[in-house]
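As given, the protein sequences belong to chains H and A, one line each in that order.
Position one of the first sequence corresponds to residue 278 (the numbering used here), numbered consecutively onward.
Position one of the second sequence corresponds to residue 3 (the numbering used here), numbered consecutively onward.
There's no promise every hint is true.
In silico lysine-lysine, DSBU-like type, Cα no more than 35 Å apart, as pairs [said to hold, decoys possible]:
no. : chain 1 : residue 1 : chain 2 : residue 2
1   : H       : Lys620    : A       : Lys274
2   : H       : Lys532    : A       : Lys212
3   : A       : Lys145    : H       : Lys477
4   : H       : Lys533    : A       : Lys203
5   : H       : Lys383    : A       : Lys148
6   : A       : Lys145    : A       : Lys165
7   : A       : Lys158    : A       : Lys42
8   : H       : Lys496    : A       : Lys212
9   : H       : Lys496    : A       : Lys274
10  : H       : Lys477    : A       : Lys42
11  : A       : Lys248    : H       : Lys496
12  : A       : Lys114    : A       : Lys165
13  : H       : Lys496    : A       : Lys148
14  : A       : Lys114    : A       : Lys148
15  : H       : Lys517    : A       : Lys212
16  : A       : Lys189    : A       : Lys203
17  : H       : Lys383    : A       : Lys76
18  : H       : Lys575    : A       : Lys248
19  : H       : Lys620    : A       : Lys86
If you're looking for bench data, these hints aren't it; they were derived computationally from the structure.
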Amino acid sequence: MSDQPKKSGQLKLTATPVTGSDDASSQALNEALGSSFLLVRILAVLLIGAFVASCVFTVTPNEVAVVLRFGKPQGTGAEMLKRQGLHWAFPYPIDEIVRLRVGETKTVRAAQAWYAVSAEEEATGTLPMGNPTISPAVEGHTLTSDGNILHVRATMKYRIADPVTYAFRFSSSTNLLVNALNNAVYHASARHTAEAALYKDVSAFNDAVRRRMEQWIVKENLGITLDTLEVERSAPLYVKSAFDAVIAAEQDRSKKISEAQGYADETIRKAAGEAAAIRSGGMVASNLLVQAVSAEAKFFSDQLVSYNRAPELFRQRLLTAATAEVLTNATDKFFLPERGDAKSREIRIQLNREPLTPKAPGGQPTR
Amino acid sequence: MKKTRLSLVIGALLLVIFLAVLFAFQVRSTEVAVVTTFGKYSASYTEPGLKFRLPWPIQNIYRFDNRLQNFERKFEQTTTRDAKNILVSLFVGWRISDPKIFLERFNGDSLKAEQQLEGLVRNAKNAVIGRYNFSDFISPDPKQVKFEQFEAEALKEIQGAAKDTYGLQVEVVGIKQLGLPEAITGKVFERMRSERERLVKQFTGEGEAKAIEIRSDADRRRDELLAKAEADALRIIGEAEAQASKDYAVFEQKPELAVFLLQIKALKESLKDRATVILDQRTTPFNLLTGDKPAAGTTK
Chain H
278 MSDQPKKSGQ LKLTATPVTG SDDASSQALN EALGSSFLLV RILAVLLIGA FVASCVFTVT
338 PNEVAVVLRF GKPQGTGAEM LKRQGLHWAF PYPIDEIVRL RVGETKTVRA AQAWYAVSAE
398 EEATGTLPMG NPTISPAVEG HTLTSDGNIL HVRATMKYRI ADPVTYAFRF SSSTNLLVNA
458 LNNAVYHASA RHTAEAALYK DVSAFNDAVR RRMEQWIVKE NLGITLDTLE VERSAPLYVK
518 SAFDAVIAAE QDRSKKISEA QGYADETIRK AAGEAAAIRS GGMVASNLLV QAVSAEAKFF
578 SDQLVSYNRA PELFRQRLLT AATAEVLTNA TDKFFLPERG DAKSREIRIQ LNREPLTPKA
638 PGGQPTR
Chain A
3 MKKTRLSLVI GALLLVIFLA VLFAFQVRST EVAVVTTFGK YSASYTEPGL KFRLPWPIQN
63 IYRFDNRLQN FERKFEQTTT RDAKNILVSL FVGWRISDPK IFLERFNGDS LKAEQQLEGL
123 VRNAKNAVIG RYNFSDFISP DPKQVKFEQF EAEALKEIQG AAKDTYGLQV EVVGIKQLGL
183 PEAITGKVFE RMRSERERLV KQFTGEGEAK AIEIRSDADR RRDELLAKAE ADALRIIGEA
243 EAQASKDYAV FEQKPELAVF LLQIKALKES LKDRATVILD QRTTPFNLLT GDKPAAGTTK
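With the sequences and hints as input, model every part of the structure.
Spelled out as structure tokens, the structure:
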């Protein structure tokens with residue numbers, strides 16, 4: 278029995294009489310089969326290991342996974358989503374792991390109403406030549422509420438809020454989002470004038486696009502959260518210079534008004550200052566007058582006693598004092614004695630313009 | 003014995019797998035399936051899970067994508083009720099509502115389904131737009147714009163025929179593009195240019211007119227401020243004069259003295275500076291030089 282194979286999987290050989298050469302070949306066959314069965318066993322162990330390993334899967338932080346058992350999602354609501362970590366599932370085809378990337382921000386662009394631009398022009402920011410008409414096959418446009426034509430392009434960044442809906446409800450969520458975004462662009466354009474959309478009420482136009490897009494997200498349960506929405510707009514290239522001229526004219530109007538407003542502010546401020554000065558002058562003159570009259574009245578009262586006592590003396594005293602003061606202050610004094618023949622003297626006066634004195638620094642010439 | 007049991011287990015497992023492959027199939031949550039028996043329709047499955055079947059060639063399984071498919075119509079010209087030509091393109095979201103009809107009509111081919119859908123959408127679009135005026139699509143008054151109403155009507159129009167005839171459930175219809183025919187865009191450009199030229203003139207004139215208005219208003223306000231200030235100053239001085247006149251009452255005690263004092267003051271003030279005085283010998287006190295006695299009234 279010692280020559281019989283012991284291990285399972287080995288071929289069992291019956292003990293039959295053999296010749297010496299047969300014995301050697303049987304032994305060789307036994308050894309070969311033993312090696313093969315060992316290999317099979319190792320493979321079996323590896324397969325079992327692979328089977329067990331296939332039951333375990335990991336979910337990374339930027340994704341969630343849904344387990345489909347026989348094609349049907351396991352769990353309901355939030356329980357349906359396997360978040361980051363280690364998880365267990367039966368191997369395919371019993372269970373199927375569907376991984377959905379939710380962490381990253383995705384971008385879609387709706388350029389159905391944009392003008393035709395090459396990649397090179399786009400990269401360098403160069404505007405293509407405008408055509409006198411818009412060929413629908415080549416480029417798009419929107420219609421504004423005042424019947425004008427504009428080019429509008431919207432770029433939306435979003436995140437997946439409901440991965441199951443996003444992945445399982447739509448065959449191409451991206452296409453639907455682009456279409457909805459284009460719809461939002463046309464929807465907003467139809468409600469705004471060209472001027473409003475281009476520069477007068479840009480934020481309202483952007484809000485209208487965003488509102489319409491959010492309506493689509495809710496109404497069609499698109500399973501996303503809108504992050505940012507950038508709306509670009511341009512006048513048709515063929516008439517862009519006319520729009521630029523309007524903007525320039527508006528700025529010129531604003532400039533003129535602003536300059537006039539500046540003049541008005543300055544004029545009124547200056548006038549207010551002058552008015553204050555005039556009032557102040559009035560007050561000063563008033564005070565001076567009152568004080569002067571009061572002083573004169575007091576002086577009169579003081580002098581009245583002396584005057585009543587000797588009026589002529591009083592008069593002469595004051596007159597003489599005044600004459601002395603006047604003559605002292607006078608620049609030129611001429612004394613003309615009477616002629617002996619009692620005839621009148623003839624006086625000739627030559628009045629010359631007084632020479633100007635040198636200019637005072639920063640002021641008018643003084644005399 | 004132990005080896006035999008293991009072999010049996012493995013054999014049974016293989017048998018189960020073999021039978022499962024033959025007698026079962028899965029319907030994923032994104033699919034619907036149709037089963038035919040000897041080529042004839044047997045059953046439809048719209049719910050996901052494990053389903054049973056008879057092995058091929060007795061039964062065949064057809065699986066179709068049951069998610070919302072996106073389909074876009076061409077940008078085509080149509081006419082509004084008020085005979086305006088416009089270009090409209092619609093996008094449509096559809097899914098299979100009846101797998102049996104879908105299989106029978108299109109042999110499970112989505113492209114064929116969309117070709118049929120294209121005709122439906124075109125007819126519905128033309129019919130519904132024909133009930134709307136051009137102003138229902140663009141208007142300065144947002145309440146007048148009937149985008150949603152148009153889309154709802156078009157959806158309703160497409161839904162009925164698509165479901166009954168083709169086994170398709172149309173769930174979404176929206177305007178993807180709205181524009182004008184190429185020939186009209188040229189005329190619009192001309193109008194836009196002339197409008198902008200008018201606006202340039204208008205803004206230029208407005209700027210000048212407004213600036214003149216602001217400046218003249220400022221000048222007027224300046225004059226008003228100064229006039230009022232002058233009036234205030236005059237009133238203040240008037241009040242001072244009134245106050246002074248009370249003080250002047252004291253002069254009435256001796257008017258000739260008051261006049262004399264005022265004259266003396268005026269004389270001093272008027273000849274205070276840079277005066278040229280010509281005197282004769284009778285002027286006090288120069289009359290002393292001629293030996294005259296000082297007398298009253300000799301001053302000139």
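Given the hinted pair Lys248/A and Lys496/H, is their alpha-carbon gap at most 35 Å?
-> Between Lys248/A and Lys496/H the Cα gap is close to 91 Å, so the pair fails against 35 Å, i.e. violated.
Proposed proximity, Lys165/A with Lys114/A (alpha carbon, max 35 Å) = Roughly 15 Å between the alpha carbons, so the hint for Lys114/A and Lys165/A holds.
Distance restraint between Lys189/A and Lys203/A, which requires alpha-carbon spacing of 35 Å or less | Satisfied, since the Cα-Cα distance of roughly 22 Å is no more than 35 Å.
Quick one, are Lys145/A and Lys165/A close enough, alpha carbons at most 35 Å?
-> holds (32 Å)
Is it true that the CA of Lys158/A sits at most 35 Å from the CA of Lys42/A?
-> holds (33 Å)
Does the structure keep Lys533/H and Lys203/A at a Cα separation of 35 Å or less?
-> This hinted pair holds, its Cα atoms lying about 14 Å apart.
Going straight from one Cα to the other, do Lys496/H and Lys212/A come out at no more than 35 Å?
-> violated (49 Å)
Are the Cα positions of Lys383/H and Lys76/A separated by 35 Å at most?
-> holds (27 Å)
Take a quick look at whether Lys620/H and Lys274/A sit within 35 Å of each other, Cα to Cα.
-> Holds, because 32 Å separates the two Cα atoms, which is no more than 35 Å.
Lys496/H and Lys274/A: Cα distance at most 35 Å?
-> violated (99 Å)
For the pair supplied as a hint, Lys496/H and Lys148/A, confirm whether the alpha-carbon distance does not exceed 35 Å.
-> holds (17 Å)
35 Å Cα cutoff - pair Lys575/H, Lys248/A | holds (12 Å)
When held up to the earlier numbered hints, the structure conflicts with 8, 9, 10, 11 and 19 and fits the remainder.
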